[in-house]
Amino acid sequence: MSGQVLVFQVLNGLGIGMIYFLLSVGLTMIFGLMRFVNFAHGALYLVAAYVAYVVSLLTGSMLWALLVGPLASALLAVAAERLLLRRTYSMPHEAQILVTFAVALIVQEVVILLFDPLAKNVPVPDFLSGIVFLGPFVYPAYRLAVVAVSAAVALLLWLALERTRFGAILRAGSESTEMVSLLGINVHRVFLGAFALGGALAGLAGALAAPLRGVEPFMGLEALGIAFVVVVVGGIGSFTGALLGGLLIGVVQSVMSSFWPEGARLMIYGAMALVLLARPAGLMGRA
Amino acid sequence: MSAFREGGHFPDGTTLGVGAALVALPFLLPSVTLASELVVFAVATLSCTFLLGLVGLLSFGQGLFFGLGAYVSGVLLREHGLGTLPAVAAAAGFSFLAAGLLAFLAVRRQGVYFVMLTLAFAQMGYFAMLALKDVTGGENGLTGVPRPPLLAGAGTLSGPEAVYAFLAGLAFAAYLLVQRIGCSPFGSVLRAIRQNEARAEALGYDTRRFKIAAFALAGLLAGLAGAMHTVFLGFVPPNAIELEMSERLIIMAIIGGAGAPAGAFVGAGFYVLMADWLSTLWPRWLMLIGVLLIAIVLFLREGVWGGAMLLLARLRRARRRG
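Heads up: the protein sequence lines correspond to chains A and B, in order.
Each residue of the first sequence is one higher than the one before, counting from 1 in the numbering used here.
Each residue of the second sequence is one higher than the one before, counting from 1 in the numbering used here.
Bear in mind the hints are in silico, worked out from the structure with no lab data behind them.
Here the structure is a predicted model, which is why all the values come from computation and not from measurement.
Be aware that one or more of the hints could be misleading.
Over 10 Å on every C-beta distance to chain A, these chain B residues come out as not near it, computed from the model [claimed, not checked]:
1) Gly-7
2) Gln-123
3) Phe-127
4) Val-304
Just so you have them, the derived chain B footprint on chain A, three or more residues with Cβ under 8 Å [said to hold, decoys possible]:
5) 5-15
6) 88-95
7) 98-107
8) 261-267
Virtual Cβ for every residue (Gly too), placed ideally from N, Cα, C.
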């Protein structure tokens, strides 16, 4: 493989990795906060991707899709938390896994019911359909825009977590929810907020990914698997871990897929198992 | 009377009931093939029911051992000309060893981390199958698997009835094994681990070794079911080792109820028959399965079988009082 191709694959991997980060950060946040394993997280990504598909079909504008898609996912996450998931907080984690898994199954079937099981293309917005020259390298403009948007969102998210009251509560909550509630903070509203935020971010990932990979009903399940790998490798509950894990998995997958595609997936799930066995706290987690 | 929860007797009324149901199934159902499919999935589900109900382990990896059993038996039958019985036995044995080996690693982790590990193993199995497409046929599956006589020319499996008899016999054997374990001293230790692992350890049991043994046994059951699936279909579809297979087995176990081995037969029966009847009427019937799964987890923790047994016990008590 020539150096040019390698650099191209690494750049591609960084773009995909940023999407993986957005996808995974909500999952890791919700687990860190309430030890809740959300198997429906991939469904949020799926819903936003389909909403983006419909919106860009109706309005022809990807910008609207990027707004409406995450909004739909956040609403779905809030509705699921209010109506169903909060009933399972006091149950063993097996019950939470089964209920969220069932929600994912229902969402997937609703998507097939409304559309069909076939994959669909989502057009890249016109003004981003070209290529850009990065020194000696040629790079699709849309992929560059994906990196820019998700890097901006990651920065905003980091500022929100570090500098705002809600962020402080979230961080305190992942240390000890009991202590937070003793301080007079309504943890149930914090949980709801975390679901809404995590849902919107997974939704943004889905909407951004739609023009890159198209949409199909089983992309949610695939995304869930990837998100688990990222979260575990980065360290469950860690924001920087999700960023590092997302980029790492994105690059490894992208580089590997150019010479051994089946091996790429085998390797990332192997990495997940290895991290779980050797260092369950992950790369950035506290051991 | 949830045998896994409180222990029980062997054999008891359910043993007779399962045996009678296995004899009656091909006559009750519209086709013998449907009955065969049902018993294959009943054995596969039994591996989940056993782990979850007796030991308290939720595994997303049972589809991996199902797939291993399916592929190993497929390769042995196709390439090495083994009889059906040795091929099935070898596949089950292979899955037993593989599950024991993976369990040796997996029991170091508990709770969510254990579930995640089984999930990672399951995904590795699927992508390894795709990567080894020279052996496994990749996305096309393993086609043209013959169905030779059971042992060195004796016991030909001619016709769907003979295949059903063979599969039902294996399913009954698997049921007897699991029910027997449920009321053995070994089973009591597994039950103690589910109730409180730290306490079982404090009593002097090496709980890790018990969990490894239980996981290996569950692997044997799933591998046996995978091999039965290959004998039943005559080929190995790639979805035999997909994560979706693991999920399907968990769904069946939960619907039937993990409190007793009979729950596996009820859950698999319910799912397979629903799939057969509803998939033509309404292709999106899995949506209903999702709703049912939520309802069972929230309101009927012991599943359909456990719920029925509870109702029966209540009726009996009411009659005695009245």
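Hints and how they fare:
1. With a cut of 10 Å on Cβ distances, B:Gly-7 stays outside the contact zone with chain A, its closest approach being about 21 Å.
2. For B:Gln-123, the requirement that its beta carbon stay farther than 10 Å from each beta carbon of chain A is not met, with the minimum near 4 Å.
3. Interface exclusion of B:Phe-127 from chain A breaks down, the closest Cβ pair being 4 Å apart, not more than 10 Å.
4. Against chain A, the non-interface label of B:Val-304 holds: every CB pair exceeds 10 Å, the least being about 15 Å.
5. Coverage of the region 5-15 of chain A by chain B is violated. Counting CB-CB distances below 8 Å, 0 residues qualify, and the rule asks for three or more.
6. Coverage of the region 88-95 of chain A by chain B holds [criterion: at least 3 residues with CB-CB distance below 8 Å; count 5].
7. Check on the region 98-107 of chain A: 7 of its residues sit with their Cβ under 8 Å from a Cβ of chain B, so the three-residue criterion for coverage holds.
8. Taking a C-beta to C-beta cut-off of 8 Å, the region 261-267 of chain A contributes 4 residues in contact with chain B, enough for the three needed, and the coverage statement holds.
The earlier numbered hints that this structure contradicts are 2, 3, 5.
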